[in-house]
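Enquirer: Residue-level listing of the chains:
There are 2 protein chains.
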Amino acid sequence: MNVDDVVFDGEGLVPAVVQDANSKEVLTVAYMNRESLKKTIDTKETWFYSRSRQSLWHKGETSGNVQQVSDIRFDCDRDALLVLVHPRGPACHRGTYSCFTESLYHGEAKQKTEGFEILRTLAATIAE
Amino acid sequence: MNVDDVVFDGEGLVPAVVQDANSKEVLTVAYMNRESLKKTIDTKETWFYSRSRQSLWHKGETSGNVQQVSDIRFDCDRDALLVLVHPRGPACHRGTYSCFTESLYHGEAKQKTEGFEILRTLAATIAE
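So the sequences go chain by chain: U and S. In this text, residue positions in the first sequence follow my numbering: the first is 1, and each later residue adds one. In this text, residue positions in the second sequence follow my numbering: the first is 1001, and each later residue adds one.
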């Protein structure tokens, strides 16, 4: 499997889910074209394609909040990417760790595992 | 924030990243339209829109591998959803836990945290 096997959509894009390699939190959903995917692999930092600006962008280029890439996976249809990263700062332009900060629906009273985040952190720290 | 505030694309769709609420692994990227999102909230199980079949599908309807929804989050642009679930079986039609089983690129020799999955499982079990 290489870049040419990825199934890009009619606009030449593929959705890329960016996940923290340690905490496993999902940080961002962005889009890559073939060029930004190649740059991501070459530089080991995330590059995306901005649909609004219609140009490539190197995450963290101005803010310094780059995302170092540890793994890129593809799904069974080869039309979605999962990019595992070590973020060097907030993922969101609002300054938050993740772009997914608000809930549309809560099925449980509280994220029950939150209080045990220390164990996830411990696992990640041991693994470093 | 409610369903009407979600920004659907020109085809009436929004990408939905499905994540295991306990292990935090990303299982699938699928698409929802307004109707499938409402059904997901109403039934507390995932419903998607199949772009190839052009119809709604209730994940697990035939296989029994439904995904019970614990939380739905939206991102800063309101054009992507993160759906946290308790899966009742494999997410992938190939029978695998996740649709993201293969790597396009490895930046590290090995997923270093894998050996400590037991700690994540412990955290999730304590939280149950």
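Certain hints may be false.
Derived contacts from chain S toward chain U, CB cut-off under 10 Å, selection only [what the hints assert, rightly or not]:
# : residue
1 : N1002
2 : T1040
3 : V1066
4 : S1070
5 : D1077
6 : D1079
7 : T1101
Think about it this way: if two alpha-carbon atoms lie no more than 30 Å apart in a straight line, the pair counts; the simulated DSS-like pairs of lysine-lysine are [to be verified]:
#  : chain 1 : residue 1 : chain 2 : residue 2
8  : S       : K1038     : U       : K24
9  : S       : K1044     : S       : K1024
10 : S       : K1044     : U       : K44
11 : U       : K44       : U       : K24
12 : U       : K24       : U       : K38
13 : U       : K44       : S       : K1039
14 : U       : K39       : S       : K1044
15 : S       : K1024     : U       : K24
16 : S       : K1044     : U       : K24
17 : U       : K39       : U       : K24
18 : U       : K38       : S       : K1024
Hints in this document: simulated from the structure, not taken from any laboratory. We put the CB at the ideal spot given by N, CA and C, even for glycine.
Enquirer: Confirm or reject each hint.
Expert: Hint-by-hint comparison with the structure:
1. N1002: 7 Å, holds
2. T1040: Interface hint status for T1040(S): holds (8 Å vs cutoff 10 Å).
3. V1066: 13 Å, violated
4. S1070: 5 Å, holds
5. D1077: It holds, given that the least Cβ distance between D1077(S) and chain U is near 8 Å, below 10 Å.
6. D1079: 8 Å, holds
7. T1101: 7 Å, holds
8. K1038(S) <-> K24(U): 27 Å, holds
9. K1044(S) <-> K1024(S): 19 Å, holds
10. K1044(S) <-> K44(U): 38 Å, violated
11. K44(U) <-> K24(U): Within the cut-off at roughly 19 Å; holds.
12. K24(U) <-> K38(U): Holds, at about 24 Å.
13. K44(U) <-> K1039(S): With a Cα-Cα distance of about 40 Å, the restraint between K44(U) and K1039(S) is violated, given a limit of 30 Å.
14. K39(U) <-> K1044(S): Answer violated: K39(U) to K1044(S) is near 40 Å, above 30 Å.
15. K1024(S) <-> K24(U): Holds. K1024(S) to K24(U) sits at ~6 Å (cutoff 30 Å).
16. K1044(S) <-> K24(U): Answer holds: K1044(S) to K24(U) is near 23 Å, not above 30 Å.
17. K39(U) <-> K24(U): 23 Å, holds
18. K38(U) <-> K1024(S): 27 Å, holds
Hint compliance for this structure: hints 3, 10, 13 and 14 are not met, and every other hint is.
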